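> Please assemble the complex out of the two chains, which come individually in their own frames, going by the hints.
Heads up: the sequence lines are chains A and B, in that order. So the first sequence is numbered by the working numbering: it starts at 1 and just counts up by one. So the second sequence is numbered by the working numbering: it starts at 122 and just counts up by one.
Careful, some of the hints might be misleading.
[As the list claims (entries may be wrong)] Chain B is faced by these chain A residues, among others (derived, beta-carbon under 8 Å):
1. GLY42
2. GLY44
3. CYS47
4. ALA50
5. ALA61
6. SER63
7. TYR80
8. TYR95
9. TYR104
10. TYR105
11. TYR106
12. ALA107
13. GLY112
[As the list claims (entries may be wrong)] DSBU-like, lysine-lysine: derived pairs with alpha carbons at most 30 Å apart:
14. LYS43/A with LYS228/B
15. LYS43/A with LYS163/B
16. LYS166/B with LYS228/B
17. LYS163/B with LYS228/B
18. LYS76/A with LYS166/B
19. LYS163/B with LYS65/A
20. LYS160/B with LYS43/A
21. LYS228/B with LYS76/A
22. LYS76/A with LYS65/A
23. LYS76/A with LYS163/B
24. LYS43/A with LYS65/A
25. LYS65/A with LYS228/B
26. LYS160/B with LYS228/B
[Stated by the list, open to error] A few chain A positions that, by computed beta-carbon distances, are all more than 12 Å from chain B:
27. LEU18
28. PHE27
29. GLN39
30. ALA58
31. ASN77
32. ARG87
If you are wondering where the hints come from, they were derived from the structure by calculation, not from laboratory data. Just so it is clear, the structure is predicted and the values come from calculations on it, not from any experiment. Using N, Cα and C, we set each Cβ at its ideal position, and we do this for glycine too.
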Amino acid sequence: EVQLAESGGGLVQPGGALRLSCAASGFSLMNYAMRWVRQAPGKGLQCVSAFNERDGSAYYADSVKGRFTVSRDNSKNTLYLQMNSLRAEDTAVYYCVRRMGPSYYYALDVWGHGTTVAVSS
Amino acid sequence: DIQMTQSPSSLSASVGDRVTITCRASQAISRNLNWFQQKPRKAPKLLIYAASTLQNGVPSRFSGSGSGTDFTLIISGLQPEDSATYYCQQSFMTPPTFGLGTNLEIK
Numbered sequence: 001e002v003q004l005a006e007s008g009g010g011l012v013q014p015g016g017a018l019r020l021s022c023a024a025s026g027f028s029l030m031n032y033a034m035r036w037v038r039q040a041p042g043k044g045l046q047c048v049s050a051f052n053e054r055d056g057s058a059y060y061a062d063s064v065k066g067r068f069t070v071s072r073d074n075s076k077n078t079l080y081l082q083m084n085s086l087r088a089e090d091t092a093v094y095y096c097v098r099r100m101g102p103s104y105y106y107a108l109d110v111w112g113h114g115t116t117v118a119v120s121s
Numbered sequence: 122d123i124q125m126t127q128s129p130s131s132l133s134a135s136v137g138d139r140v141t142i143t144c145r146a147s148q149a150i151s152r153n154l155n156w157f158q159q160k161p162r163k164a165p166k167l168l169i170y171a172a173s174t175l176q177n178g179v180p181s182r183f184s185g186s187g188s189g190t191d192f193t194l195i196i197s198g199l200q201p202e203d204s205a206t207y208y209c210q211q212s213f214m215t216p217p218t219f220g221l222g223t224n225l226e227i228k
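Next comes chain B alone, as it looks inside the complex (with noise of 0.2 Å):
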């Protein structure tokens, strides 16, 4: 199986800041690779997928890049509704693998 190395494990951010995520893969994926945004006791939603590509309905804030085994999640103009958990997948290869997620703070 494909693993997915994700980072940092959490932050904590202020309304307004830019954070960054990132998730590695264990081998190149192409552009295969997806970002779910989860909150408590709810389902993954998907944010972004075929690694840049903003599901409908995403906000603009919320980007990504990276191809092979590099990816990034980047949030600008952070909001207080974008406090949760934040997974990377790979869709490269079944099975789909997943990071072990970023917790996102708003302070």
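Chain A with its partners taken away, still in its complex shape (with noise of 0.2 Å):
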């Protein structure tokens, strides 16, 4: 079964830092594009940023740019989103999403169930 899961999150104080995981299973990451996306409280969707399978390149919002830094362990299947310097902003549910190829028109078919990140003195 094609599955991701997150882990990670967790309350941090302003300043600090957090690394979100998101496992895959039932497919490799190295054919997929991936995105994160999270959703603060009560608000709607955002991608925050999106990895590029083939070469490794990354697009980040301009809210987190600098700040936030994605990477891939293909031997563990792994994508990861490294959060620095948080902001009570930042507060949000983060979900890891695969993209879907050309033929499917680069839809987000596969979510994971999230991971909470709260960002509070």
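In structure tokens:
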């Protein structure tokens, strides 16, 4: 079964850091582009990072650029999101999401259950 | 970034009703438009991709249409389990962007 499982969320003070993990099963991360999408409490969905599977290049939303870094460990089939200098406005549920290929118009078809990040003193 | 404008922001309907949700992109996105359903405390679920293709396992009462900038999600024969928030999302360009959502309440 194709699945994504996030972990690593928690309560952190402003200025702190967290590393989120996204373990993939049932498929190889080397074959799919991936996204990190967050949802602040009571709010909509925002893509904070997009990872290109072919060359490892990444997009970051302006709000997280310079603070967040996405990476992948092929041996563990796991995607990571390193989050530094965290702010209160980073408080959200973070989802790891798989992007389908061009035949499927690049839809986001598999979502993890999400991991909650709370930034507060 | 491409802006997605979704309407209405909320609606209330009865079991058996037909409801329509619209989504407009700030620029042409061909058919790279997807619809998601999200229930409280759950991850979004892909319902429709490529504007009109039903994802596996999604009931046929859900349908989508449109291309370019204007898109529609229709739920025919509303069921109690359709109570949720629905989001449109463009996959034409990175970053993927979402509408603000439509909160559907079943009376």
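> Hint by hint, note whether the structure agrees.
Hints and how they fare:
1. GLY42: violated (11 Å)
2. GLY44: holds (5 Å)
3. CYS47: holds (4 Å)
4. ALA50: holds (5 Å)
5. ALA61: Holds: closest Cβ of chain B sits about 7 Å from ALA61/A, inside 8 Å.
6. SER63: violated (11 Å)
7. TYR80: It is violated, given that the least Cβ distance between TYR80/A and chain B is near 19 Å, above 8 Å.
8. TYR95: holds (6 Å)
9. TYR104: holds (6 Å)
10. TYR105: Result: holds, 4 Å to nearest chain B Cβ.
11. TYR106: For TYR106/A, the interface hint holds, since the closest Cβ of chain B sits about 4 Å away, which is under 8 Å.
12. ALA107: Cβ of ALA107/A sits 4 Å from chain B, so the hint holds.
13. GLY112: GLY112/A check passes; min Cβ-Cβ to chain B is 7 Å, inside 8 Å.
14. LYS43/A with LYS228/B: The hint holds at about 23 Å.
15. LYS43/A with LYS163/B: Between LYS43/A and LYS163/B the Cα gap is close to 14 Å, so the pair holds against 30 Å.
16. LYS166/B with LYS228/B: With Cα atoms ~23 Å apart, LYS166/B and LYS228/B stay inside 30 Å; holds.
17. LYS163/B with LYS228/B: Measuring from Cα to Cα gives roughly 22 Å; hence the hint holds.
18. LYS76/A with LYS166/B: holds (26 Å)
19. LYS163/B with LYS65/A: Between LYS163/B and LYS65/A the Cα gap is close to 27 Å, so the pair holds against 30 Å.
20. LYS160/B with LYS43/A: holds (13 Å)
21. LYS228/B with LYS76/A: violated (47 Å)
22. LYS76/A with LYS65/A: holds (26 Å)
23. LYS76/A with LYS163/B: holds (26 Å)
24. LYS43/A with LYS65/A: holds (21 Å)
25. LYS65/A with LYS228/B: violated (43 Å)
26. LYS160/B with LYS228/B: Measuring from Cα to Cα gives roughly 16 Å; hence the hint holds.
27. LEU18: Its Cβ never comes within 12 Å of chain B, the nearest being 19 Å, so this holds.
28. PHE27: Label holds. Min Cβ-Cβ 15 Å, cutoff 12 Å.
29. GLN39: Per Cβ check, GLN39/A is inside 12 Å of chain B; nearest 9 Å; violated.
30. ALA58: Its Cβ does come within 12 Å of chain B, the nearest being 10 Å, so this is violated.
31. ASN77: holds (19 Å)
32. ARG87: holds (19 Å)
Checked against the numbered hints above, the structure breaks hints 1, 6, 7, 21, 25, 29, 30 and satisfies the rest.
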